[in-house]
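**Q** Starting from the known structure of chain A, fit chain B onto it as the hints suggest.
One line per chain: the protein sequences are A and B, in this order. Letter by letter, the first sequence follows residues 1 to 111 in this note's numbering. Letter by letter, the second sequence follows residues 1001 to 1114 in this note's numbering.
Rather than coming from a laboratory, the hints here were simulated on the basis of the structure. Check before you lean on any hint, since a few could be wrong.
Derived lysine-lysine pairs resembling BS3-like cross-links, with alpha carbons at most 27 Å apart [to be verified]: (1) B/Lys-1014 with B/Lys-1044; (2) A/Lys-42 with A/Lys-98; (3) A/Lys-42 with B/Lys-1044; (4) B/Lys-1057 with A/Lys-98; (5) A/Lys-68 with A/Lys-98; (6) B/Lys-1044 with B/Lys-1057; (7) B/Lys-1044 with A/Lys-68; (8) B/Lys-1044 with A/Lys-71; (9) B/Lys-1057 with A/Lys-42; (10) B/Lys-1057 with A/Lys-68; (11) B/Lys-1009 with A/Lys-42; (12) B/Lys-1014 with A/Lys-98.
None of these values were measured; they are calculated from a predicted model.
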Amino acid sequence: GENVGLHLPTLSVQEGDNSIINCAYSNSASDYFIWYKQESGKGPQFIIDIRSNMDKRQGQRVTVLLNKTVKHLSLQIAATQPGDSAVYFCAESFGNEKLTFGTGTRLTIIP
Amino acid sequence: NAGVTQTPKFRILKIGQSMTLQCTQDMNHNYMYWYRQDPGMGLKLIYYSVGAGITDKGEVPNGYNVSRSTTEDFPLRLELAAPSQTSVYFCASSPPDGGTYGYTFGSGTRLTVV
Chain A
1 GENVGLHLPT
11 LSVQEGDNSI
21 INCAYSNSAS
31 DYFIWYKQES
41 GKGPQFIIDI
51 RSNMDKRQGQ
61 RVTVLLNKTV
71 KHLSLQIAAT
81 QPGDSAVYFC
91 AESFGNEKLT
101 FGTGTRLTII
111 P
Chain B
1001 NAGVTQTPKF
1011 RILKIGQSMT
1021 LQCTQDMNHN
1031 YMYWYRQDPG
1041 MGLKLIYYSV
1051 GAGITDKGEV
1061 PNGYNVSRST
1071 TEDFPLRLEL
1081 AAPSQTSVYF
1091 CASSPPDGGT
1101 YGYTFGSGTR
1111 LTVV
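So here's chain A without its partners, still in its complex pose (with noise of 0.2 Å):
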């Protein structure tokens, strides 16, 4: 079936350096993606989105970016901090469709 996940399961990186967390899918239909972080002990919060009529999406320190040819999702986290330190999802959805979540990359911030 269609599934969402992850290259990489574990990624540490130094303080104040930049991050990329990476996700496959394999829905070609999918036309809306979030990623979600999660710290220990706490639910998933929402951290940025994009929909399948864009490429690039930035927020605050983070951004994301989306490659439909190769079904490519990436969280871009710059100047990474002790609090970036968590779970990071990304889940994809058709239309109004439930989302469908990956497995998650652990990053861990090395002070």
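**A** Below, chain B alone, put in the same frame as chain A:
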């Protein structure tokens, strides 16, 4: 706004016991969802509801039941707890076009079945 509130935060059950995980939201969202998250894994949809009186099965509904008598509340019932149900349970809600605006999650209920 409290958002999505889940209770309890932690619970230990013995095999065969039953319990209800509570979820309430104050955002007047029509759609509500229950997910489970096993260690090191992603979120799997158990049940969802598109409005009061309407519920549907998700990916992993076996062993669970839900009801939706009001817009605000969406309790999840475990009738005969099994070790395989040890997990963290998250409730979420969204507006009707939730697939296009994302979900708001609660802080989770950590359940251990022994």
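**Q** Next, verify each hint and record whether it holds.
**A** Each hint, compared with the structure:
1. B/Lys-1014 with B/Lys-1044: Given that 27 Å is the threshold and the Cα spacing comes to 23 Å, the pair holds.
2. A/Lys-42 with A/Lys-98: 21 Å, holds
3. A/Lys-42 with B/Lys-1044: At roughly 16 Å apart (the allowed maximum being 27 Å), B/Lys-1044 and A/Lys-42 satisfy the hint.
4. B/Lys-1057 with A/Lys-98: The given pair, whose Cα atoms are some 12 Å apart, holds under the 27 Å limit.
5. A/Lys-68 with A/Lys-98: 20 Å, holds
6. B/Lys-1044 with B/Lys-1057: Satisfied, since the Cα-Cα distance of roughly 11 Å is no more than 27 Å.
7. B/Lys-1044 with A/Lys-68: 25 Å, holds
8. B/Lys-1044 with A/Lys-71: 22 Å, holds
9. B/Lys-1057 with A/Lys-42: Holds, at about 25 Å.
10. B/Lys-1057 with A/Lys-68: 30 Å, violated
11. B/Lys-1009 with A/Lys-42: 10 Å, holds
12. B/Lys-1014 with A/Lys-98: Violated, because 33 Å separates the two Cα atoms, which is more than 27 Å.
Consistency with the previously given hints fails for numbers 10 and 12, ordered from lowest to highest.
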